[in-house]
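*Asks:* Under mature numbering (1 follows the signal peptide of the UniProt record, and there is no 0), residues -22 to -1, 1 to 183 are what the sequence shown spells out, in order.
These aren't lab readings, by the way, just hints derived from the structure by calculation. Computed from a predicted model, the values in this text were never measured in an experiment. Mixed in with the good hints, there may be bad ones.
[To be verified] Okay, derived cross-link-like pairs now, DSS-like style, lysine-lysine, Cα gap no bigger than 25 Å in a straight line:
(1) K146 - K134
(2) K103 - K142
(3) K99 - K68
(4) K170 - K130
(5) K142 - K99
(6) K87 - K176
(7) K99 - K146
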Amino acid sequence: MRKFIFLFCCTMAIILAGCTNARYDSDIVLNDTIDDEGSEDISDENCSTGDDTATAFEEHPNIVVYVCGAVICPGVYELPAVSRADDAVKAAGGFADGADDTYINLAAKVEDGTKLMIPTKDEVKNGLVADSTDITGESGSNGLININKATKEELKTIPGIGEKVAGKIVEYREQSGYFACIEDIMKVSGIKDKLFSKIKEYITV
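Can you make the complete structure from the sequences, with help from the hints?
*Replies:* What follows is the structure in structure tokens.
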């Protein structure tokens, strides 16, 4: 009888031990599955963040400008798209000794591909630079045309301005003096609101 009881107890112990191990293995598999799912979620989140960053970069592209002349470090510079001429000069190390820092409009916006030439005071005094534009681009029409300085031919490079109107602008300057603001160009005969709306993005004073 005792032998039978002993064998029964041993058999039950083996069965219980087997159930415990099976439950432990099941927990390990379940935990591994949860960890894998968590890793996938994190990976997806990282990919999403990267896409958002790329989109933000595309919405705010940079521009490339060439700054030369009387600056400390002439060269080609990459700037934010909202940059002004002052930002371009600072990127080139600032004005060099003898530079005419009043020759260009430092508040003017610069566009991609703009060439920004800074003359010296002696060059301006001796008429060694083209006294026409504040900011000139590769083709001569990439920047802003200074309507107080531009010649008749240079005014004709402004979209919407023909030879007749360009001549009237020059004539107005000779008779009435410089324009105080770009809106004053509408005082010239033949330039009204419609034409001004077409040329205002290309001119400065």
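*Asks:* So, against the hints stated earlier in the document, which numbers end up violated here?
*Replies:* Structure breaks hints 2, 5 and 7.
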